[in-house]
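**Student:** The primary structure of each chain is shown beneath.
2 protein chains.
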Amino acid sequence: MGILVVGSVALDSVKTPFGEVEEALGGSATYFSVAASYFTDVSVVAVVGEDFPEKHVSFLRTKKINLAGLKKAPGKTFRWAGHYNYDLNTANTLKTELNVFETFDPELPLEYRDADLVFLANIDPVLQRRVVEQIKAPKIIAADTMNFWIESKRAELIETLKLVNILTINEAEVRQLADESNLVKGARKILSMGPKILIVKRGEYGVLMFNGGSTFSAPAYPLEDVFDPTGAGDTFAGGFMGYLASIRDFSDENLRKALVMGSVMASFTVEDFSLGGIRSLSYPEIERRFREFKRLSHFEDL
Amino acid sequence: MGILVVGSVALDSVKTPFGEVEEALGGSATYFSVAASYFTDVSVVAVVGEDFPEKHVSFLRTKKINLAGLKKAPGKTFRWAGHYNYDLNTANTLKTELNVFETFDPELPLEYRDADLVFLANIDPVLQRRVVEQIKAPKIIAADTMNFWIESKRAELIETLKLVNILTINEAEVRQLADESNLVKGARKILSMGPKILIVKRGEYGVLMFNGGSTFSAPAYPLEDVFDPTGAGDTFAGGFMGYLASIRDFSDENLRKALVMGSVMASFTVEDFSLGGIRSLSYPEIERRFREFKRLSHFEDL
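First to last, the protein sequences are chains A and B. Each residue of the first sequence is one higher than the last, beginning at 11 in the working numbering. Each residue of the second sequence is one higher than the last, beginning at 11 in the working numbering.
Hints are computed from structural coordinates only; laboratory data are not their basis. Take the hints with a grain of salt, since some may be wrong.
Computed cross-link-like contacts, DSS-like style, restricted to lysine-lysine with a CA-CA straight-line distance of at most 30 Å [to be verified]:
#1 A:K195 / A:K304
#2 B:K195 / A:K25
#3 A:K73 / A:K86
#4 B:K25 / A:K199
#5 A:K25 / B:K304
#6 B:K195 / A:K304
#7 B:K304 / A:K304
#8 B:K199 / A:K304
Reference listing, derived: stretches of chain B covered by chain A, where coverage requires no fewer than 3 residues with Cβ under 8 Å from a Cβ of chain A [said to hold, decoys possible]:
#9 218-226
#10 233-239
#11 259-270
Some chain A residues flagged as far from chain B (calculated, every beta-carbon gap over 10 Å) [as the list claims (entries may be wrong)]:
#12 E64
#13 D97
#14 N132
#15 K195
#16 R305
By construction, the Cβ of each residue, glycine as well, lies at the ideal position given by its N, Cα and C atoms.
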């Protein structure tokens, strides 16, 4: 059955202390779908402009990603430009050109409406809800959001959260959404808003998952060469949801493994610019890094 | 054989959003020795003033801590005052009164010189070296330091590091000491300065250990009520070294368990002011939290 993802397909210009790229392939739906494509079938709902390079479409097709829902609209593709300093934790946005994304209205091709695993990447919560309403029998709806929507569309976001099973946001956003400085208390508050599972992204410190009474902490992989953190969160979500879609069993044990798989995929993404780190991985490479995560966090009982 | 610790015994005045204490028992040697006392014999080298309350001495004696090296000097006890805001990650120092600590010259009682496990808490690197020189046959010398010494006594610190087997510092201090923004590269650089093992303290994000080719990431315990982070790092070191002293086997597997034990003890410390969180624990409570750390970070193989 695979996964459906709605989000952005973009051209990113990124500068870090280690180099820069101009108008490289980016966007939340792109990172998500390429990461998930290693595990399952992925269908994308997004929009690009007439200027979107054909080579990017071809690349996504080589990953067997279903692009029936990738609309080409009159105008220019969504563009983002940002830079990172040495700490690489905070993106400084230099430019956001919404272009064709400004009037994006996600209408799902008929063949998409049977999807039961859905990822709503970080877009307007009203549009996220529009997508959910078109799904016939959703099983797991996962969603991302950001400070911008928490501030500017709080009521709409809270409506959307009622439909969401798994929410993936960063630490500061947990505190902001819950209006609570303690992370654990904030998590409990968010789990009362709709989601059954809250995944807290902490960048180079890994990921925390709150799933009912179970809390899981996955480390991040300590890397000697981090080139560009752009897309790490969406790649994480793609690995997480892709792995879940491949096993279709949502026990806490499997959610934990899926969380580590998401972290594995994110660790590859940050090692290169744009999609460079995940465009042509082999499954043995992915498994090897999964085992390295295991070794990184394993300790014996007393 | 137990452990020898040299450091401060202090009276701390601390204010956090959750309350405050005035002139409560504190100091690096105090937190360390109380934490370690659950696992092994501890001998303290430190100095207090004539005003040091007898009740604190009595309390330390109830923990069977050897105070032969706790000197009472003319003058007042070392005092520190600080406050924390909601994020609880950064202490804001309001006042540091060195008092008797200003002329502290650690001279070890003869009975202490046979110790082979030593912790040099965060004091002047020259004094740290003075202690090591008095030990007859050191087996493991662990040390802490801080930004103040890295800046003001860099050359002396580097001399001391040549004698140190295990260094425990925080993330920012790794970057500062190694003059390197990437943590992994910084760690490698520090491992070439003397220590065989580097333990990087990351507060609410846990601890990273670099031990030759092995890297271990221990999570921090997500707590609903963190009252006062003062002493967490020294408590961590006490649990870590105390557990190692109790098993006297320094394999990577045991170092990992010891690291988690340190994290367990630190998680108790931050739940109360001063020594409140660790003054009267039972061993089953400690074991229970160790198992919770295991559950927190465990995931199955693929």
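**Student:** State for each hint whether it applies.
**Tutor:** Results for each hint:
no. : hint            : in the structure
1   : A:K195 / A:K304 : 28 Å, holds
2   : B:K195 / A:K25  : 21 Å, holds
3   : A:K73 / A:K86   : 24 Å, holds
4   : B:K25 / A:K199  : 27 Å, holds
5   : A:K25 / B:K304  : 40 Å, violated
6   : B:K195 / A:K304 : 22 Å, holds
7   : B:K304 / A:K304 : 13 Å, holds
8   : B:K199 / A:K304 : 25 Å, holds
9   : 218-226         : holds (count 4)
10  : 233-239         : holds (count 4)
11  : 259-270         : holds (count 5)
12  : E64             : 37 Å, holds
13  : D97             : 7 Å, violated
14  : N132            : 24 Å, holds
15  : K195            : 6 Å, violated
16  : R305            : 8 Å, violated
Comparing the model with each numbered hint stated earlier shows that hints 5, 13, 15 and 16 do not hold.
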